[in-house]
Amino acid sequence: MAEKISREDFRRLAELASLELPEEEAEYLRGELNNQMISIEVLESIPIDAETDTAAHGLPYTDFNSAAPREDIARQDPHRQEILDQAPELEDGYIVVPDISHQELE
Amino acid sequence: MKTCDLPAYTIADLIRTKQLSALEVLEETLERVNQVDGRPGEVDAPEASSEEDLSTIHAFTLVTEDYARRQAQKIDQLIQDGNDPGPLAGVPYTAKDIFTVKGIRSTAGSKILSNYVSPYSATVVERMEDAGAVMLGKVNLDEFTYGSSSESSAFKPVPRNPWDTSRVVGGSSGGSAAAVAAGEGAISLGTDTGGSIRHPASFCGTVGLKPTYGRVSRYGLIAFGSSLDCPGPLARNVTDAALALQAIAGQDPRDATSAAVPVPDYLAEMEKEVRGMRIGLSEEFFRVTYFDAESMELVENPIDDQIREAVFSAAGFLAQLGADIVTDVPLPHTKYGVPTYFVISRVEASSNLLRYDGVKYGYRTAESIKDLLELYRKTRGEGFGVEPKLRMLMGIYLSAAQFDKGYYQRALKARALMRGDFETIFDPKGKFRLDALLTPTAPSTAFPIGSVYGDSVLMQYSDQLTATTNHAGIPGLSFPVGFDRDGLPIGAQVLGPDYSEGSLLRIARAYEKVTEQEAWRSLKPPLVAALDS
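Protein chains in written order, with our numbering: chain A, 1 to 106; chain B, 1 to 533.
Possibly wrong hints are sitting among the right ones.
As a list, the in silico SDA-like pairs of lysine to any residue whose alpha-carbon atoms are at most 25 Å apart [as the list claims (entries may be wrong)]:
| hint | chain 1 | residue 1 | chain 2 | residue 2 |
| --- | --- | --- | --- | --- |
| 1 | B | K370 | A | E32 |
| 2 | A | K4 | B | S351 |
| 3 | B | K378 | A | E41 |
| 4 | B | K360 | B | V43 |
| 5 | A | K4 | B | E297 |
| 6 | B | K405 | A | D9 |
| 7 | A | K4 | B | G316 |
| 8 | B | K513 | B | K370 |
| 9 | B | K524 | B | G487 |
| 10 | B | K378 | A | E32 |
| 11 | B | K431 | B | E273 |
| 12 | B | K378 | A | H102 |
| 13 | B | K111 | A | E41 |
| 14 | B | K370 | A | K4 |
| 15 | B | K405 | A | L105 |
| 16 | A | K4 | B | V299 |
| 17 | B | K431 | B | I325 |
| 18 | B | K360 | A | L90 |
| 19 | B | K431 | B | F312 |
| 20 | B | K429 | A | N65 |
| 21 | B | K405 | A | E44 |
| 22 | B | K370 | A | E41 |
Rough simulated footprint, nothing fancy, chain B against chain A, three-plus residues with beta-carbon under 8 Å [unchecked claim]:
| hint | segment |
| --- | --- |
| 23 | 14-20 |
| 24 | 33-41 |
| 25 | 52-63 |
The hints are simulated quantities; they were obtained by calculation from the structure and are not laboratory data. None of these values were measured; they are calculated from a predicted model. Glycine is no exception: its CB is placed at the ideal position from the N, C-alpha and C atoms.
The following block holds chain A by itself, in its conformation from the complex:
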């Protein structure tokens, strides 16, 4: 069976996912993804047409179960310091990161 996800596809996917992967792990992951595609391809046999509904949610949200809209009021989160304390590196209330990456456009 032809592989759906080639090495080149995989390299691009890893880049989009911002993942640095050792070669051996990358090949295992690519193999599993291609195996998963065998299951996903079953969807090609499903009897659907343009009339078939598309469901982003299982159960519909109607007036029966939806919350009424609420006023859009800004609120100060009370946990400012606790949230900042979770950052790996902090300086004067700012989160420290290395240089911002940039690419030369061709």
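Assemble the complex: chain A is given as a structure, and chain B must be docked to it using the hints.
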């Protein structure tokens, strides 16, 4: 019998009537954890190998003794002062480590969150505490809930099944099911995205309730598939599951998808008769598909006879009580459950995983870094395990325009068809007019540790009988219906229309009562039975 083996409703009653203190119950439960759990899971710790490791459960990632003692003392004080401590007064419970708890490490079983201390609590945790329950600790799970055996956790050793410690606990709420089964807390909070409450409940012989999508708030839950995730309880009996659902259900202004639908009195609903209820059986749920890694093909087989017989026997008991059993109910799109799940859950997971970057919170690579992009790549490469990586890569493959083959749109249509199957059988004016569908919960009983993990396709097919419920958003309740020849629990589930948790509890409770005297009902996990002798 130790107080930690009592039902939650009995514990709460004894504490409320001052026959026991919350602290006494807590200390006995902590002693149980010490006796049966072994070392708690820890990132990068060795997998189980010593005899002690191999014969203990390892349900926990964190035992919160001090936190629990403070809560128990508060309950005892409230009672002493004549105040109402709530319906779950002093009931020890655990939370799957996917729920945030203020001031407590909340890890999702992942290295990337291994040092994360949440600044806020999940709504369900707050509601359990408002009801008087006492949190014993956090329990292990598949990393980010991605799996059906709890073996993918970065926190080792992984949990072991109390009925046979060489077997998996199921997943992804595996620590929850194992803890409840072994008397380490009467209730556990789990989550169910494709079966993750019901599957481990069936593997560990407990009750597990996946509510209707939106019935219980997702606020404070570390997200997997945002259109599929449902928090819910695991417990040793149906009444305790009803009590817990009563505590956690209902609208939450912090989750816009939580349903603005009044919460019924589940305990009252549960005690009603099943006479006249219409309960369906569908052959689509007695066939199972396996991925054969040698031929690289999907193979379909009838389900194990022992599981089929246990579910049909349960139907027989319900018929004796006056329920109408309707056979051969068609749910023709059931077979698309897993393929659709592979698509929708991965696309949603990849979107939810992009936030972990080593900048705002959680793990950051220790290597020296030249720029921000390298920081992301190294942090995520080191911090995520195999399953989140697979799900992110697949989610991007299926949704990025450059690879788009239309699978996501097909999956959303398949989802509508699966929803339509359930709407047809539950339609009160339709041909079937069912109150519930009765099916096996899982295609097998608990399999040996290490026998499936690593094969991500075969593992995903372990959810084939539960995933369609999540696609449709409807509720499902798994409950024990006996044991197989290896002494492993078999679970059945009832599925019903939106917000029908009350009827599902009623069916499971009726079955529980009518089988009370069955010999298998008195069985206990061997390592718990050994403590009694």
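Point to revise | Index of numbered hints that the structure contradicts, given in increasing order | key: 1, 3, 7, 8, 13, 14, 15, 22
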